[in-house]
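Chemist: Just so you know, the sequences run in chain order A and B.
For the first sequence, this note's numbering puts the final residue at 1250, and the numbers step up evenly by one.
For the second sequence, this note's numbering puts the final residue at 791, and the numbers step up evenly by one.
I should point out that these hints are in silico values taken from the structure, not numbers from a laboratory.
Ideal placement from N, C-alpha and C gives every residue a C-beta, glycine not left out.
Certain hints may be false.
Derived pair list, reagent style DSS-like, types lysine-lysine, alpha-carbon separation capped at 25 Å [claimed, not checked]:
id, chain 1, residue 1, chain 2, residue 2
1, B, 110, A, 1179
2, B, 466, B, 284
3, A, 1104, B, 239
4, B, 239, A, 1179
5, B, 263, B, 280
6, B, 213, B, 176
7, B, 245, A, 1104
From the derived model, a few chain A residues whose C-beta atoms are all more than 12 Å from chain B [claimed, not checked]:
id, residue
8, 1102
9, 1104
10, 1107
11, 1166
12, 1167
13, 1175
14, 1184
15, 1214
16, 1231
17, 1246
18, 1248
One letter stands for each residue in the lines below.
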Amino acid sequence: MTLKVNGNTHTVDVDPATPLLYILRNDLGLQGPRFGCGSGQCGACTVIVKGNAVRSCITPASAIRDEVTTLEGLAVGGKLHPVQQAWIDEQVPQCGFCQNGQIMTAKVLLDKNPNPTDEQIRTGMANTLCRCMTYYRIQAAIKRAAKARA
Amino acid sequence: MSDLTKIPPHIEQELSRRNFLSCAGMLAVSFSSIAPPAFAQGSAGPYPDPNFRQLDSWIVIHQDNTATFHVGKTDCGQGTGTAFRQMMCDELDIAYDKTNLIMGSTDTTVDQGGSGGSDAIQVDGWPMRRVAAEARRVLLEMGSQKLGVPVGQLTVADAVVSVKAEPSKKVTYGELIGGRRFNVALTGGDVNATTGTAKVKPVQELKLVGKSPQRYDIPPKVDGSLKWAVDMKAPGMVHARNVKPPVAGAKLVSIDESSVRNLPGFVKVVSKGNYVAVVCEREEQAIAASRQLKVNWQKPDTAPFPASEDLFRYMRAATPTSSGRPVTLGDCAAALAGAARVLEADYEIPFQGHTALAPAHAMADPSNGQMTIYSNDMKSYGMRDGIAKFLGMPRDRVRVVWMEGPQGFGRTAADDAGFEAAWLAKELNRPVRVQWMRHEETAWDTKGPAFACKLRGGLDAQGNLIAFEYESQACDHNHVGYNEAETVLISQLMGTRKSPPNRGGGAVPDDSYAIPNRRMVSHVVGLPLIWETPLRTGNLRDPNGPQVTFASESFIDEMAAAAKADPVAFRMKLLTSGTGDDSGFKRARAIACVKAAAEAYGWDARPAPKRVGSGEILTGRGIAYSFRSQTVVAEIAEVEVNRRAGHVWVRRLVCAHDCGLVINPEGLRRTTECGMLHSLSRALKEEVTFDTEKVTSVDWTSHPTLTHLDSPARIDVVLVNGDPNPNRPDLPHYGGGETICKPMLAAVGNAIFDATGVRLRRVPFRDARVLSALKAAGV
Chain A
1101 MTLKVNGNTH TVDVDPATPL LYILRNDLGL QGPRFGCGSG QCGACTVIVK GNAVRSCITP
1161 ASAIRDEVTT LEGLAVGGKL HPVQQAWIDE QVPQCGFCQN GQIMTAKVLL DKNPNPTDEQ
1221 IRTGMANTLC RCMTYYRIQA AIKRAAKARA
Chain B
13 MSDLTKIPPH IEQELSRRNF LSCAGMLAVS FSSIAPPAFA QGSAGPYPDP NFRQLDSWIV
73 IHQDNTATFH VGKTDCGQGT GTAFRQMMCD ELDIAYDKTN LIMGSTDTTV DQGGSGGSDA
133 IQVDGWPMRR VAAEARRVLL EMGSQKLGVP VGQLTVADAV VSVKAEPSKK VTYGELIGGR
193 RFNVALTGGD VNATTGTAKV KPVQELKLVG KSPQRYDIPP KVDGSLKWAV DMKAPGMVHA
253 RNVKPPVAGA KLVSIDESSV RNLPGFVKVV SKGNYVAVVC EREEQAIAAS RQLKVNWQKP
313 DTAPFPASED LFRYMRAATP TSSGRPVTLG DCAAALAGAA RVLEADYEIP FQGHTALAPA
373 HAMADPSNGQ MTIYSNDMKS YGMRDGIAKF LGMPRDRVRV VWMEGPQGFG RTAADDAGFE
433 AAWLAKELNR PVRVQWMRHE ETAWDTKGPA FACKLRGGLD AQGNLIAFEY ESQACDHNHV
493 GYNEAETVLI SQLMGTRKSP PNRGGGAVPD DSYAIPNRRM VSHVVGLPLI WETPLRTGNL
553 RDPNGPQVTF ASESFIDEMA AAAKADPVAF RMKLLTSGTG DDSGFKRARA IACVKAAAEA
613 YGWDARPAPK RVGSGEILTG RGIAYSFRSQ TVVAEIAEVE VNRRAGHVWV RRLVCAHDCG
673 LVINPEGLRR TTECGMLHSL SRALKEEVTF DTEKVTSVDW TSHPTLTHLD SPARIDVVLV
733 NGDPNPNRPD LPHYGGGETI CKPMLAAVGN AIFDATGVRL RRVPFRDARV LSALKAAGV
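Just chain B, with the same shape it has in the complex:
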C-alpha cells in the first residue's frame, strides 16, 4: 500500500476491527463511521511514508458527507486533537461532529514530527489549516462544474455547496468526491510549509475556533471503551520484564537461568551486553521471574555519581563540558561596581523525574516480516526511524501505531520500552509486550536536569535595577530525548551507543525587562558516569524553563524587596521603561499579562514581606512571569505556611496567559490549571535522590507528587490577548502548554517570602526544609 488512500479509511477501520476481534476474542470494540478509531491495523506492510505533498494524505471525504483528517501529531492529554479538528473544520467548512481525526501513526499520517516543544498549534496548525482550505477550494471548483455555476456564485456551509441565488441547487462534499481521491498535489519545501493555492480564512471568519467543543477523546476515557497502548494484544503474544543493573554502571558477569527455568510460563531469558529481560507467557509470570532471576553483576570501580546531598557542591566545582555564549548588554561588571546596593544569591534545583503515572510500555508485532510497534510515543516518527536503525531493518518495514498513554511530560521522547519490545519481538519472532515496573520507571526514567544558578544584581540609589548577572551550571551532559538508535537505554546497556555524547544545554532567563547592564551565561556539566545511568537527562516539560525561571524570578523579587518596591510595580517598571519590542509584541503582551494577573488576583501594592503575623498560619502572595517562544504568562500564588509544621499549602492560583489566537478556551484553561499544578508539584514535592550507587527515590513514597490534599481551593485563568491589534485577520496562534510551567516555582517561593520573610532558594519546599529555614530565621 503506497499510501493510506488506496483503502478508504472506513473500510480499513472495518478490516482493523475484524482483525482485532478475531485475535482478541472477547473484546467488543465498536466504531461509528465518525468515531475516532482506537488504532489502525489494516495492512500487512511495507509502510512507506504518506506523501505530505498530496491532499489525499491529509483529508478524506466519505460518501456519507463526513471527513477524516490525518495529522502527524500526537495528543499528550491537552486536547490538541480537538483543536486541530476545530481549525480544519473551519477551513473546510464542515460541522465538527461530521469529522474525525487520526494522529501520529507512521503509515497513515504524514510526518509532522509527533509532539514536542508546545508547537502543535503554533507550527503544525498552519499546514493543517492550509490543506483544509485547499480541499475547500477544490470542492468548490468541483461544485462549480457539477452545478454549472461559476465559483463566485457559490457558497458553502456544513459541507454543502449551493448556489447563492438559488439555494435549492446544491451538492454535498460527499456527492462530489466521497470515497474517491482528490489527486491534488500540494507544494512546500517541508511539511511545515505544505500549502495548496487557497488562502486560509481571516480570523474573523473562523466559527469553531475560539469556541470550546468538548474533547472527543474524553467520553471513551471515562466509560472505559478506549483502547490504550497498554491494552494492545496479539495472537501468540508474550510478556517481558527487564532486569536492571542494581548499581549504575555495573557490568553483567553471568545469568543463572536455572533460577527461573522451572517457573510457570517461563519462555526465555534474553540478554545482550548489560541488557537483561525475562520473557514469560503471562504478565504476572514475567514479573515474578524478573524478581527471581539471579544475575551476577560486577560493580564499577568508581562511583557513578556523587550522592544527591553532594550534588550541587559537585556541580559548582565541575569543569563545564560546554558553555553557552554569554548574553551581554552594557557593562555589567562596571555597573555592579558602581551600584548603590549589590545582592548575590545562589539557587538550586535538583534532578526531577518525569515519573509518568504508568511506566514505559509497548507491544511489538513482527508478523509478516515487518515490525509494528503499538506505543504511546509522543514522537512516533522518530521512534520508527530509531527502531529501524536499531534493528537494521528497512525504514518502510517498521511502523509505529500511536495510541493513548499516560502523560509523560517528554518521557516518551526517549521511548525505551518501544525499542525493547521491538528488539525482543525480533529475537523471539513473536509479539512481545514490555512494561517497566514502578521502581524501575521512577529510578531509570529520564530526568529534568539539575541547575545551580548564581545571580548578582545592582540597584542604583533610587532603587532602579541597573545590573543583572546570571551564571548557571546545568547537569545535562548527554541529554537524550529524540529516540536516537544509539541513545535509548537498551542501546546504552548493549554498548551499541554513539560517541561522543550529546552536549546537552543550559539556559538563561527569558524576560522582557529593560535592564541596562546584563551578563547571562550558562554552562553544562556532567556526572562521572555518562552512559548506562539512571541520571540521564531528557526533555521534562520545558526542559530548562522552570529551573531558570525559579532562579531569575525569585531574584527579581529579592531585588524588589531590597528596593522596598511592590513586586508587581517593580516588574511593571522594568517592562514599561523599555520601548523596543519584537515582532510578536512580547513586551507589550508581558505588560498586559502582569497587569491582568494582578487585577484578577486583586493585588494591593506593597513591598514584600508583609508584616509577619503571630498565628500558626502565615499567608502571602507572590508573582512571577516569563515567556517561551511567543507565549507569555504571569502567575500569582497565594500561600498558607504552617510555621509549626513547615507545611506550605497554595490555596489560590492565578494565571494570565497569552498565546495569541486561542483555539479552544476551555481546553486551554484546563491545560493551564494542570500545567501550573505540575510545576507546583515540582515546587513543593519532587526531587530525585540517590546514593553513590543508585537512585533511591523509586516510588510514590520516596518520590512524592502533588495529591488531592495539595490542590488549591481556587484557580483563576485569564486568557489575555495583549496584541496591540488583537483584531487583525492574521492573528497568530502560539503554543499553549509549556510556558505555563515556567514561573510557578518562583511564584510560590516569592509567596513564602511574602508570608514569612524567609527566602527559600532551593526546591522542593518540603515541610522539613521550610521548617528548618523558618527556625533558622527565628520565624
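Just chain A, with the same shape it has in the complex:
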C-alpha cells in the first residue's frame, strides 16, 4: 500500500489492517509518534491528517486516504513550527516522551482556534496525557505560540 507522509510517498508491504503507528515507526523510521497505550487514551502516537489530530495506534493504515504529518514534518525549511519554538522557549518537557502528542494536538487546536481561552486550551488538550505533569507549562506554551502566530 501507498502512504504519503511529510511530503514523501512511500510504498509498504504490510497488512492494511496494521495500525498506522507501527508502519510509521518500523517501516518509515519515524520517531515522533510513539506507543503509549495502544488504545487511543493517551495521545503519544498523535499524527495530523486533514487538519485533525489522529491517534495512530488505533487507526488502521487502510483508513488513511490523505497525507500524514508527523512531528518530524512540522518544521518548514529547517525552521521550527511556532508551537515547537514555544515549547523550547517555555522549556516545557521533563522526560519529553508524551510531547509529540502534546505538540501535535496543540498545533491542531491553534489551527482551528488561533486565540483559545484558558478553558478552551484545557478542554482541547484534556485527553492528551503527560505523566511528568508538564501541563502548566504546556498551557503557557500554547498561549505563547498563539501570541507568536498572531
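Given chain A's structure and the hints, the job is docking chain B onto it.
Modeler: For chain B alone, coordinates are given in the frame of chain A:
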C-alpha cells in the same frame, strides 16, 4: 577496548553513526561535533568498566577546543544533564556550548550508580566538580610549560590559557591536549570520593552555576530527532510480547503453540517456568499473537491478596514481617495521659502505580558473543550486573547503553523488560525488542507501598502540642528495585528467585518540630502472595514520603484546628520553640521555607476551617511541610470544592523550596512544578484496585491520572536559601526532586478541610469519596 579513550569519542561517534546508518537504512541521524550523541555503539566488546581513578574516563578535550564529559548518571527528565554540564564547565573554565555530556552507558561512563534518591547534584556533583577542577589544573601546568611562564602568572577563560600580563601569549586547551589522553591518575576510595589535587572553586567564582541555560535535550525532543530507547533497531531484530498469568500466582500447565503457529510473521513461543513470551517478525504481529496464544493456567489454591476494598483491614490485622526501632523522645504515654486534649486519627494511602506514560521496553543485541541492552533504565549499572548474573555471562561481556525514555518515577529501578529482552536475545541468538502492553504495565509495574497510619496527639491547656504518637503499617514486604537478578519479574516467574525476600521498609515523619514527647514506629506487613505478584512494591518517587507526610502533616493540621490556631502559626511555633539544629541547618531552613511559602501565598492568619459558605463552590487553603535528606520544602494548595459534585480543583499552588546552592533555577522551578503535580495526581486520582485474583486498574480509565483539566491556574515556586550564611564559599548543593512530592497530599487535604470543615483521611480524593464525606458531614 580497555576504556573509552582509546578511540576518541568523536571518531567513535562517527563509527556509531556509520554503523547505525548501515543497519537502519532510511534513518538520517546527524551529529555536530558537540551535539550529544543519541547512543554509543562503537565497539564490539568486551566492555570492562571505565576506571574512575583516571581523568580520561571523565573528560576528553578535542582538537577543536571542545570537551566531552562522561558521567555515570542518567537524566530522568529533570535536566540533571544540563546541571552537570554547568558545574563541570565552571570548574574547567570552558563555555557551556563548547561541551557535551554522555551519561549512564556502562562501557563509556564510570559507574556512579545511575539515578535514584535525588542524589545527582547532592552526591555525584562533587566528584564531577573535582575532576573538572583537576583537568583545569593539569591544563594550566601544560600551558605553563608551553608558554614558558609560571602557573601563577597565567589566567584561563573559555578554554584558553593566557599570560595575565601579556594576553596575546595564549594557548587553547585543544592545542594543549586535544585528541590525546591526560594519563592523570585520580584518588579516592570510591567513585563518590574521586578527586585530583586541585580544589573546587568557591561558590562566588562559579559563573554558570546559578544561571539557567536552556536544557540541551529539549530541542531534539521537540523536533522529533532524538533517538529514544524505544527507537532502537538492529539487523535481524524480532519483536516479543509477554503473556502474563491471568491470575496472580497461577502456574503454567500447557501452551498450545498451534493457536499462533500459522499467524503471519510467527517466530517462536518461548517459555520457562511461568514466564511466557511470543516472538514475531513484526511488532503488530507479536501483539496479535500474544493476544491469541492459548495458555492453560492453573489458579492458585488460595487467594494471592485481599480485594482492594479490604486492604486496610487486612493490613491492620496482619502480623508485621518486620518493625523499625521506635523513635522516642520524652515519655509519650505519660504526656498523652496528662494532656488536656487528645486526638486520634487513622490515615490510609492505597497502593499507587508508577504507570509511566509508555510501558517497559528494551532492545537486546547478542552480536559478537556479547550482550548489549539499549534501555532507559535509570540504574543502568545495576541492570548490567543483574543481567550478567541472570544470563550467567561474564560481567564485561554485558553492557547497557542508556537512552532516554518515559519518566518512570523509579519504575526502571526494576527493569523487567531489559532482562526479558536479554534473555530472549540469548535464547534466539538474534536481537530482540520487548515492549509491554498498557494493561500489562499498569497492572504489573512496581507499586508504591500502601500505608495505614495511626496518630495520636496531645495538647496542653494552652494549646501547645506536647505529645505526638505515630504508628504505621506499610505493605512493603519484598520491596524490589535494584535490578537484582533474582527479583525482577521474569526471574520470579521462572522460579529462579532468591530466598528470603527483601524485608521492605516503613518510615516515620520527617520534620523539625519541637514536640517534647514523641513515639514513632513503623511496621512492614506482607500480602499472602510474595512472589510473582502484580502487587510487588518498588521505589515510587520518594518511596514512603508522600504516604507518611500525608498522615503526619494532615494530623498536625488537626491538632492546629483543635487548638484553634492558624496552621502556619501553629507550625512556626513548633519550629521556633526548639533551639537545636543539624549541620545542614534544617530547622533554620524549615522556618525560612514555611515563612516564604506563607508570604508568597499571601497567607492571612486564622484558624481552619473558615466559615463554610453557602455557594456551590467552597474555597480553602492548606499548608504542609517536610524535608528529605537535607532539602526542605513547604507547600500551599488553594482548592475549590464543588459541594454538589464532590469535585476538587486545586487552582493555585505555592512551593518554597530549599536545596542549598541552586545550579539551574529555571530547571529547578519546572521540576518543582511537575513534582507537585505528580503528587497532586496521587492526592486526587491514583489508586491501584484489585479483586482477589488480579489487579483491575489496568489503563488510563481504570487508573486515572491528572490531566490538563486539573492543572492549577497559577503555580508559584520560591527558591529559598535559608542557610544562616548563604554566602559561604562552600555552600552545599542538595538534591532537588523527591522532597517536592512529600507534602502535597496533606496540603490538599488540609485545604479541603479549610474549605469544608471535613477532614479526609484517605487518598485519593476522587469525586465520589469527597461527595460522600461532605454528605455525611451535612455540608
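Chemist: Please go over all the hints and tell whether each is borne out by the structure.
Modeler: Tested hints:
1. About 23 Å separates the Cα atoms of residue 110/B and residue 1179/A, which keeps this hinted pair within 25 Å; it holds.
2. The hinted pair formed by residue 466/B and residue 284/B fails the criterion: a straight-line CA distance of about 44 Å is larger than 25 Å.
3. For the hint pairing residue 1104/A with residue 239/B, the CA-to-CA distance comes to about 23 Å; that is within 25 Å, so the pair holds.
4. Annotation: proposed proximity of residue 239/B to residue 1179/A holds, straight-line Cα distance about 20 Å (limit 25 Å).
5. With a C-alpha separation of about 21 Å, the suggested pair residue 263/B and residue 280/B falls inside the 25 Å cut-off, and the hint holds.
6. As the CA atoms of residue 213/B and residue 176/B are separated by approximately 19 Å, the hinted pair is consistent with the 25 Å bound.
7. About 23 Å separates the Cα atoms of residue 245/B and residue 1104/A, which keeps this hinted pair within 25 Å; it holds.
8. With a closest Cβ-Cβ approach of about 16 Å to chain B, residue 1102/A is found to remain outside the 12 Å limit, as its non-interface label requires.
9. Distance to chain B confirms residue 1104/A as a non-interface residue, since its nearest Cβ pair spans about 16 Å, more than 12 Å.
10. Taking the minimum C-beta to C-beta distance to chain B, about 14 Å, the non-interface status of residue 1107/A holds against the 12 Å cut.
11. Distance check on residue 1166/A: its Cβ is at least 20 Å (rounded) from any Cβ of chain B, clearing the 12 Å threshold; non-interface status holds.
12. Interface exclusion of residue 1167/A from chain B stands, the closest Cβ pair being 17 Å apart, more than 12 Å.
13. Not every beta carbon of chain B lies more than 12 Å from that of residue 1175/A, the smallest distance being close to 6 Å; the non-interface claim is violated.
14. Here residue 1184/A does not stay apart from chain B, with its beta-carbon only about 5 Å from theirs, under the 12 Å limit.
15. Against chain B, the non-interface label of residue 1214/A holds: every CB pair exceeds 12 Å, the least being about 19 Å.
16. Against the 12 Å criterion, residue 1231/A falls within the reach of chain B, whose nearest CB is about 4 Å from its own CB.
17. Even its closest Cβ contact with chain B, about 16 Å, leaves residue 1246/A beyond 12 Å, as expected for a residue assigned away from the interface.
18. Every C-beta of chain B lies more than 12 Å from that of residue 1248/A, the closest at about 15 Å, which supports listing it as non-interface.
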